[in-house]
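Q: Sequence:
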Amino acid sequence: MAKKDCTGKSSKAAGGWGALKSVGRQLMGSGKPLSGAKTMLKANQPDGFDCPGCAWGDPEHGSSFEFCENGVKAVAWEATKARVTPEFFARHTVTELRSWTDYDLEHQGRLTHPVRYSPATDKYEQVDWETAFAEIGAALNALDDPNRAEFYTSGRASNEAAFLYQMFVRLYGTNNFPDCSNMCHEASGVALTEAIGIGKGTVLLEDFEKADAIFVVGQNPGTNHPRMLADLRKATLRGARVVVFNTLKEKGLHRFADPQNKLEMIRGRSEATSTDYYRPRLGGDMAIFRGMAKIVFAADDASLAEGRPSVLDHDFITEHAHGFDAYRALVESTSWETIEEQSGLSRSQIEEAAEIYMSSDKVITTWAMGVTQHKHSVQTIREIASFMFLRGNIGRPGAGLCPVRGHSNVQGDRTVGINEKAPASLLDAMERELGVPMPRDPGHNVLHAIGAMLNGQAKAFIGLGGNFARATPDSQLIAQALGNLDLTVNVATKLNHGHLLPGKASYILPCLGRTEIDRNSQGARQIVTVEDSMSMVHGSGGINLPASKELRSEVGIVAGIAKATVGSDVVDWDLLADDNDKIRDLIARVLPAFGNYNEAVRKPRGFHLYNSAAARDWKTPTGRANFSDADLPDQTEWQRAKSDDQTFVLQTFRSHDQYNTTVYGMDDRYRGVYGERQVVFMHPKDVALLGAEAGDRVDVIGCHDDGVDRVAENFRLVPYDIPRGCVAGYYPELNVLVPYQAFGDKSFTPASKSVMVRFRLLEK
Numbered sequence: 001m002a003k004k005d006c007t008g009k010s011s012k013a014a015g016g017w018g019a020l021k022s023v024g025r026q027l028m029g030s031g032k033p034l035s036g037a038k039t040m041l042k043a044n045q046p047d048g049f050d051c052p053g054c055a056w057g058d059p060e061h062g063s064s065f066e067f068c069e070n071g072v073k074a075v076a077w078e079a080t081k082a083r084v085t086p087e088f089f090a091r092h093t094v095t096e097l098r099s100w101t102d103y104d105l106e107h108q109g110r111l112t113h114p115v116r117y118s119p120a121t122d123k124y125e126q127v128d129w130e131t132a133f134a135e136i137g138a139a140l141n142a143l144d145d146p147n148r149a150e151f152y153t154s155g156r157a158s159n160e161a162a163f164l165y166q167m168f169v170r171l172y173g174t175n176n177f178p179d180c181s182n183m184c185h186e187a188s189g190v191a192l193t194e195a196i197g198i199g200k201g202t203v204l205l206e207d208f209e210k211a212d213a214i215f216v217v218g219q220n221p222g223t224n225h226p227r228m229l230a231d232l233r234k235a236t237l238r239g240a241r242v243v244v245f246n247t248l249k250e251k252g253l254h255r256f257a258d259p260q261n262k263l264e265m266i267r268g269r270s271e272a273t274s275t276d277y278y279r280p281r282l283g284g285d286m287a288i289f290r291g292m293a294k295i296v297f298a299a300d301d302a303s304l305a306e307g308r309p310s311v312l313d314h315d316f317i318t319e320h321a322h323g324f325d326a327y328r329a330l331v332e333s334t335s336w337e338t339i340e341e342q343s344g345l346s347r348s349q350i351e352e353a354a355e356i357y358m359s360s361d362k363v364i365t366t367w368a369m370g371v372t373q374h375k376h377s378v379q380t381i382r383e384i385a386s387f388m389f390l391r392g393n394i395g396r397p398g399a400g401l402c403p404v405r406g407h408s409n410v411q412g413d414r415t416v417g418i419n420e421k422a423p424a425s426l427l428d429a430m431e432r433e434l435g436v437p438m439p440r441d442p443g444h445n446v447l448h449a450i451g452a453m454l455n456g457q458a459k460a461f462i463g464l465g466g467n468f469a470r471a472t473p474d475s476q477l478i479a480q481a482l483g484n485l486d487l488t489v490n491v492a493t494k495l496n497h498g499h500l501l502p503g504k505a506s507y508i509l510p511c512l513g514r515t516e517i518d519r520n521s522q523g524a525r526q527i528v529t530v531e532d533s534m535s536m537v538h539g540s541g542g543i544n545l546p547a548s549k550e551l552r553s554e555v556g557i558v559a560g561i562a563k564a565t566v567g568s569d570v571v572d573w574d575l576l577a578d579d580n581d582k583i584r585d586l587i588a589r590v591l592p593a594f595g596n597y598n599e600a601v602r603k604p605r606g607f608h609l610y611n612s613a614a615a616r617d618w619k620t621p622t623g624r625a626n627f628s629d630a631d632l633p634d635q636t637e638w639q640r641a642k643s644d645d646q647t648f649v650l651q652t653f654r655s656h657d658q659y660n661t662t663v664y665g666m667d668d669r670y671r672g673v674y675g676e677r678q679v680v681f682m683h684p685k686d687v688a689l690l691g692a693e694a695g696d697r698v699d700v701i702g703c704h705d706d707g708v709d710r711v712a713e714n715f716r717l718v719p720y721d722i723p724r725g726c727v728a729g730y731y732p733e734l735n736v737l738v739p740y741q742a743f744g745d746k747s748f749t750p751a752s753k754s755v756m757v758r759f760r761l762l763e764k
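The sequence shown runs 1 to 764 under the numbering used here.
Listed next, the in silico BS3-like pairs over lysine-lysine satisfying Cα-Cα at most 27 Å (straight line):
{"no.": "1", "residue 1": "504", "residue 2": "123"}
{"no.": "2", "residue 1": "685", "residue 2": "764"}
{"no.": "3", "residue 1": "549", "residue 2": "123"}
{"no.": "4", "residue 1": "603", "residue 2": "582"}
{"no.": "5", "residue 1": "210", "residue 2": "603"}
{"no.": "6", "residue 1": "685", "residue 2": "642"}
{"no.": "7", "residue 1": "81", "residue 2": "549"}
{"no.": "8", "residue 1": "421", "residue 2": "746"}
{"no.": "9", "residue 1": "249", "residue 2": "234"}
{"no.": "10", "residue 1": "563", "residue 2": "421"}
{"no.": "11", "residue 1": "375", "residue 2": "249"}
{"no.": "12", "residue 1": "362", "residue 2": "619"}
{"no.": "13", "residue 1": "234", "residue 2": "362"}
Don't read these hints as lab results, they were simulated from the structure.
Generate the whole structure from the sequences, applying the supplied hints.
A: In structure tokens form, the structure reads like this:
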């Protein structure tokens with residue numbers, strides 16, 4: 001097999017001219033470059049739309065345009081000139097389309113008409129809206145148990161659509177709400193609820209301007225939430241310490257060249273986004289924070305012995321915390337040998353990081369999926385929270401906990417009720433408002449839904465956005481599971497692989513995008529709302545004409561299915577579908593924290609939802625912030641793999657040219673990979689250990705011992721600065737190796753950052 005190199009020069013810094021060139025290509029590729037550029041100027045603006053990309057917060061005190069390469073890509077992707085019409089489906093069978101790449105499918109353009117799958121022709125064919133709604137409703141009502149249906153939600157759904165969706169599904173009779181948060185930040189929600197009484201972070205964006213130190217753990221802002229880079233850069237420029245724990249050396253966590261800084265661009269300069277960078281082994285973050293806590297306790301003992309002030313915030317611990325003594329005993333009993341082995345860092349490195357923490361009055365710790373997608377993720381986040389409690393770094397300006405969400409409204413969807421284990425307070429309020437009982441039994445999360453599909457319990461799937469088939473683990477099993485269903489329905493803006501695994505009856509229902517104008521029957525322009533990672537709720541109104549006159553809003557589609565399924569005796573679905581203000585009034589009655597929702601959300605920058613932990617109001621069973629009581633894991637996956645030098649631990653992640661499962665292009669200039677996605681990043685010595693060379697091709701073989709063969713075929717080895725024994729590559733291509741039965745304790749989040757694999761070297 002001929003060797004063809006896909007690697008090249010990587011960017012010296014995130015942003016810069018590379019970002020501008022990439023943006024130019026995306027806008028030109030959309031076929032509407034001028035329209036796309038004008039549209040981007042309205043992203044995250046008071047009179048515009050909320051960016052359909054990440055959930056990084058917007059500054060309350062600013063209104064200027066913030067350049068974001070991924071934001072431009074998301075807008076160009078949505079505002080493309082290309083269209084997927086009924087004529088397109090007439091030319092291509094589903095079997096043929098299934099052989100296309102994710103990139104090729106989505107670059108066909110925007111869906112324009114509702115379509116229904118015909119098994120006789122193996123094609124999707126146009127169907128009118130009312131027929132589609134009636135047939136979907138009839139299929140749902142034909143099930144012998146509502147719990148045989150799974151109702152998936154993507155984080156791109158608005159608060160209004162998500163609230164209507166959960167109301168419909170509960171009236172239908174189930175709490176089966178697998179949603180995208182199950183696959184990313186569920187561990188954050190579980191851990192923070194246990195630790196501080198609310199499953200959200202506690203900081204505002206303005207706190208990043210006040211922090212003395214920011215600990216960035218297991219996240220890559222340059223690819224996943226680029227606007228964060230500007231805030232990290234500002235922090236380093238004013239003298240704050242930005243401490244990074246990340247397995248790979250990522251460009252965005254090293255330097256950032258601001259494309260909006262003309263002088264900087266002319267001079268080709270950039271500024272640092274971090275001051276200290278540590279590269280732990282996969283799964284080693286919990287050990288790092290345990291080690292830093294060990295240093296803090298030792299320093300506190302030394303200070304008290306020498307008559308100096310305590311290092312700990314005893315006032316916070318005494319007044320606000322529970323379980324301190326047990327946690328301290330746990331920390332002090334943990335050996336340095338275990339901490340160094342699991343973390344991959346030396347004691348001196350951990351001491352350096354701990355000294356930064358102790359010398360900083362105000363500290364923020366922020367994390368993403370590098371922390372949340374392990375078996376012991378909940379324990380790790382509990383450890384992070386406990387470490388922050390030691391010096392009272394929560395509930396005061398410039399300090400706090402900050403899980404950074406992915407999609408722009410994954411947090412908002414959970415706030416308004418997309419939850420398979422809804423709190424009793426929500427269900428009680430729904431019953432008071434609607435006057436009918438709500439189902440109380442816990443429903444299915446993503447992994448439970450997959451299991452129900454595989455064992456035949458589930459018979460129907462409705463997806464409100466997203467690409468379930470490619471976002472979930474165990475790709476081959478998921479394809480089998482979806483194909484066995486009686487009904488599949490996907491609400492979407494573009495074609496994806498999830499649509500090409502039809503059940504006996506299957507529908508694709510095209511919706512308006514975030515950038516498009518939504519008018520009601522009276523011609524009034526509708527807005528929707530979203531919640532970012534800082535609990536800020538923003539209004540969003542599209543500015544572009546719809547891609548097709550046939551498109552309906554997500555709200556309108558949900559209401560149409562609901563009306564056809566449960567009728568309008570309890571809820572006037574037509575009334576709500578025609579006026580988003582009425583939905584917001586309903587949300588505020590059920591969830592009083594939203595206050596005067598319609599008035600508040602029309603203010604510039606929206607409003608902040610009350611965050612109990614930020615106010616040091618602990619909604620936990622103890623009435624306090626709870627220290628962790630968890631030991632370090634007996635072994636991390638890296639420790640299990642190291643006993644065999646042919647076994648490695650794999651993490652899946654995004655390339656720079658994608659967002660979640662959406663692939664914008666084939667390049668990853670930050671890591672120096674061009675024109676290919678089937679690559680595996682590996683330490684050069686590990687490449688040699690395999691008897692291979694840079695650029696050789698391998699099959700990647702999963703090592704989960706459950707009798708299922710999992711193989712990702714024909715991947716290229718790319719030497720990279722990554723700890724030995726750890727490897728990395730892109731999803732969704734490598735999701736085939738992630739067993740759906742391998743998940744986080746308590747969170748059921750797929751363990752996509754700790755997959756045991758081996759390699760089979762292919763003939764050169």
